[in-house]
Amino acid sequence: MSNSDYIISLDIGTSKVKVIIGEIHGGSINIVGVGQSDSHGIKKGSIVDIDETVQSIREAVERAEGMVDISIENVIVGISGNHIQLQASRGVVAVSSENKEIGDEDIARVMKAAQVIAVPPEREMIDVVPMQYIVDGLDEINDARGMVGVRLEMEGMIVTGSKTVIHNLIRCVERAGLQIVGMYLLPLATGEIALTRDEKNLGVVLVDMGAGSTTLSVFEMGVLTSFSVLPIGGEYIINDIAIGLRTTKESARQILLKYGCALMEEANKDVRFRVKRIGSDVERDYNQVELSTIIESRVAELFNFVEDELIRLGYDTHIPNGFVLTGGVANIPGVLELAREEWLAPVRIAIPDYIGVRDPSYTPGVGLIKYASKFLRELPRQQEPKPVPAKTNRKPVSHQEHKEQGGMIEKVKNWFSEFI
Numbered sequence: 020m021s022n023s024d025y026i027i028s029l030d031i032g033t034s035k036v037k038v039i040i041g042e043i044h045g046g047s048i049n050i051v052g053v054g055q056s057d058s059h060g061i062k063k064g065s066i067v068d069i070d071e072t073v074q075s076i077r078e079a080v081e082r083a084e085g086m087v088d089i090s091i092e093n094v095i096v097g098i099s100g101n102h103i104q105l106q107a108s109r110g111v112v113a114v115s116s117e118n119k120e121i122g123d124e125d126i127a128r129v130m131k132a133a134q135v136i137a138v139p140p141e142r143e144m145i146d147v148v149p150m151q152y153i154v155d156g157l158d159e160i161n162d163a164r165g166m167v168g169v170r171l172e173m174e175g176m177i178v179t180g181s182k183t184v185i186h187n188l189i190r191c192v193e194r195a196g197l198q199i200v201g202m203y204l205l206p207l208a209t210g211e212i213a214l215t216r217d218e219k220n221l222g223v224v225l226v227d228m229g230a231g232s233t234t235l236s237v238f239e240m241g242v243l244t245s246f247s248v249l250p251i252g253g254e255y256i257i258n259d260i261a262i263g264l265r266t267t268k269e270s271a272r273q274i275l276l277k278y279g280c281a282l283m284e285e286a287n288k289d290v291r292f293r294v295k296r297i298g299s300d301v302e303r304d305y306n307q308v309e310l311s312t313i314i315e316s317r318v319a320e321l322f323n324f325v326e327d328e329l330i331r332l333g334y335d336t337h338i339p340n341g342f343v344l345t346g347g348v349a350n351i352p353g354v355l356e357l358a359r360e361e362w363l364a365p366v367r368i369a370i371p372d373y374i375g376v377r378d379p380s381y382t383p384g385v386g387l388i389k390y391a392s393k394f395l396r397e398l399p400r401q402q403e404p405k406p407v408p409a410k411t412n413r414k415p416v417s418h419q420e421h422k423e424q425g426g427m428i429e430k431v432k433n434w435f436s437e438f439i
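Residues in the sequence shown are numbered from 20 upward in steps of one, following my numbering.
Since the hints were derived computationally from the structure, they do not count as laboratory data. Heads up, the beta-carbon is just placed ideally off N, CA and C, and yes, glycines get one too. Be aware that a few hints might be false.
[Unchecked claim] The calculated DSS-like cross-link candidates involving lysine-lysine, where the alpha carbons are at most 25 Å apart (straight line), are:
| hint | residue 1 | residue 2 |
| --- | --- | --- |
| 1 | 219 | 393 |
| 2 | 62 | 277 |
| 3 | 182 | 62 |
| 4 | 219 | 389 |
| 5 | 119 | 131 |
| 6 | 393 | 131 |
| 7 | 268 | 288 |
| 8 | 389 | 35 |
| 9 | 63 | 277 |
| 10 | 277 | 295 |
| 11 | 35 | 277 |
| 12 | 35 | 63 |
| 13 | 268 | 295 |
| 14 | 35 | 268 |
| 15 | 288 | 277 |
| 16 | 268 | 62 |
| 17 | 63 | 182 |
| 18 | 131 | 389 |
| 19 | 131 | 182 |
| 20 | 268 | 63 |
| 21 | 35 | 62 |
[As the list claims (entries may be wrong)] Label pairs and their calculated CB-CB ranges:
| hint | residue 1 | residue 2 | range |
| --- | --- | --- | --- |
| 22 | 302 | 59 | 25 to 33 Å |
| 23 | 47 | 161 | 14 to 22 Å |
| 24 | 217 | 123 | 26 to 34 Å |
| 25 | 359 | 162 | 31 to 39 Å |
| 26 | 327 | 158 | 33 to 41 Å |
| 27 | 290 | 375 | 27 to 35 Å |
| 28 | 151 | 359 | 28 to 36 Å |
| 29 | 165 | 331 | 38 to 46 Å |
With the sequences and hints as input, model every part of the structure.
Printed below as a string of structure tokens:
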């Protein structure tokens, strides 16, 4: 590995598409470039229009390239949604070296052995997540490399997803002129940057509140034990503002960003704004308290949905370390205090501690970079990226080119077989 490597994450959300360039230097991460664009073709976290999604990706990539004057070719992406399933798996191998020291080859073989499971034809294997290694009966080992033993076991989770959803995601990225070099479960990646080791060990719920969906992930004993995606988010609040104030969704979005407050107690009736009514030139005057009545009821309802979903998954809200909020909705003033009132539990907001991305909405993208950096040896590297041409013309990948490339699915399979 060289002194400097680059990992570029692509976070395709309902509201924004974000491209983040991370420089890995001496084991530390520096965020050197960020590009984002308005997301089109995405509803509730799912791709509904490939052409519009491709255009949004291109715009975000070009803006990121312009910040640091490089040409982006390889990206890592996160995947989430209720189509994702976690399946327990176990692999067992004999240590192959003469001195019985466990090395990368043994880890790769035990991970490959854990993948020997039946996967339905409509599903695709995305990732293999180790939960613990066992060396000659000694368990709870996080990394077995360098240890001495005869028998190596790995207990973990196989992450599978809908083949249709995965193929559509790959198609969009490749038509934007990019190559996927890593695909990871987004709740795992987000937890990498949002949660502390103690929180993961003692038990915590990570709530990622995006524009189109809210993902709740439960971590216990240091691992992700369960997650679920609710099809509601910031757009849910914006729709209610648009209806309540009888204005357009775009106006409602701007009003939320500028005057939004999720707790009526903190709203100021002296903060006033005018709203153009839909279908006419008439403007009406409102204050922040009136706006807050709409926002608070919707956010409180979202928190109630999270609580109900936790109970459905078999948990209660009395989790030792409570809740950690992240995502764009966490930016609304008063959300933190309202969450504490609704859940009667410890709550904090996770914000990436890197210059240029100190905002909860960037947590998933930065988390992807940090999570992928653990597998840097296995990722095709983009070292010292090439300067971006004066004008970037990204052409859609043709059917023949796609066929020659072998398709992303085969590459992911080959990647697993060679490196995991």
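Query raised in the report: What hints, given by number in increasing order, does this structure fail?
Result: Failing hints: none at all.
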